[in-house]
Amino acid sequence: MISEQNDRLAAEHVMGLLDGEERHRADLLLASDPSFRAAVDLWRVHFAEFDETAPALPATESLWQRIETGVAADAPVSVRPAPARVATESRFRALWDSLVFWRFAGMTAACAALLLAIATAFFADRAARQPVMVAVLVNDSNQPGAVLSTFSDGRAEFVPLGGTSIPRDHSMQVWTFPDPKGAPVSVGVINAARTVQLNLAKLPHLQSDQVFAISMEPLHGSPTGLPTGPVVLKGTASTAL
Amino acid sequence: MLGVAMRILRRRALAEEAVHDTFMQVWQRAGSFDPQRGNARTWLYAVLRNRSLNILRGESRTDLVEDFEPMGLVSDEEGPEAVLLRLSDSGRLKSCLERLEPARRQAITLAYIHGLTHGELAGRLGIPLGTVKSWIRRSLTSLRECLA
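Line order of the protein sequences matches chains U and X.
Per our numbering: the first sequence = residues 595 to 835.
Per our numbering: the second sequence = residues 901 to 1048.
Incomplete in silico selection of chain U near chain X, CB under 10 Å:
{"#": "1", "residue": "GLU606"}
{"#": "2", "residue": "LEU657"}
{"#": "3", "residue": "ILE661"}
Hint data in this document are derived by calculation from the structure and do not stem from the laboratory.
Quick reminder that beta carbons are idealized off the backbone N, C-alpha and C, glycines included.
In isolation and in its complexed conformation, chain X is listed as follows:
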């Protein structure tokens, strides 16, 4: 869980915050967990991602200047292709992503694992915002067909 939060928040203290908050939320809302709606692990991840994204988006709004991290920081994290390689061979996500053009599957991967926005993706990939949006949309449509 900490690893998932770290990829989004990049800082240990913030990631621990997110995991802590997730446990608190899970504790308080255990009754609202519905096994019919999927397994507990997926639910935990969903709560964790939600919390991490809120921290990420909230932080960057309040202390934008202090928090600004140049693109140089990118180099010490695992690239999207490395993440793709580590996807389970037995799952369908990997084979479906492999059907997309490399740049597009990278966009999907980056958006999900680091919680990047359309704008951040455009900056990271060096392409216009409109292009990023239509890439994501079309990739999701083809993923939908492939995963169905």
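Next comes chain U alone, as it looks inside the complex:
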């Protein structure tokens, strides 16, 4: 476990705020301490949300050209040609001995690996955004009050709809019934009527038609671990197409 001080150092390193001695210390920790590197990575992920808000500026043609030229110049095509071979040696052998060939192959493989990694991350990200199950929660008069979407990575998103409000000094608590005949399990406490991320990873696998219910509870949720207030919204999960 990383100390609070080092975690703060990791955050300030990611923000680019360090100088002098602290910067030096962060560099040392980066080189020597895996838990510090992990903390840096985590802060990068958190703060990357800021980067997503940057305006999208298309790169100019000249920028792409410079990048292409730079990459091409970097590939070691101009390395001295392999010495002339005696005629008996096969072309394959020449290729096998060629430093240029292997460097180029290595570079190409590295780039392919990177592209694959980027593409995988991109598509995994897309897939994770696609809900697996959706539950529309309705109130007593059958008016929809909230939508709950669950995702393949165990996240769930609770989106209250217009008209849903939480009285002062109260919270709403989300419950589900993993076992239709069993007790409800709390999924999360909601203090304000706005979109909230919930975590379902600890629950058993979601079933179609699993019941979700929202009860009104004292501030910060039920003191007993079971619903104590009235159920205000209720609905069952269906598989999203």
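Use these hints to put chain X onto chain U, whose structure you have.
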């Protein structure tokens, strides 16, 4: 990517330089990319930010006079609150920042998106340097708890 670099470097030519250098570095160091350590996009951003900050800090050291830009330039860029509004509702950063006092979350936002130093933040926000430092520290501690 260009947008991220522009917010730090403010000038198109410098931002393009940073993006160019980032691609070169990524090309050369593709082998050092470790998918275990996070996704490729975050890694790209990290390389880009690093390069941009180096250009920013390097430039202001070498041609300080020529590069000096009065605070007036601030007006044509997006303010920190506007950036906060554009943060994704589904991410946790937004809700955690919302728990901080407005001035403190602005300090964090400005520091990150424009790469401001403690000193520049103090100047921009009109508060003493020591206060900026302790604001940032305490905000990071509470962000840490909230994001955990």
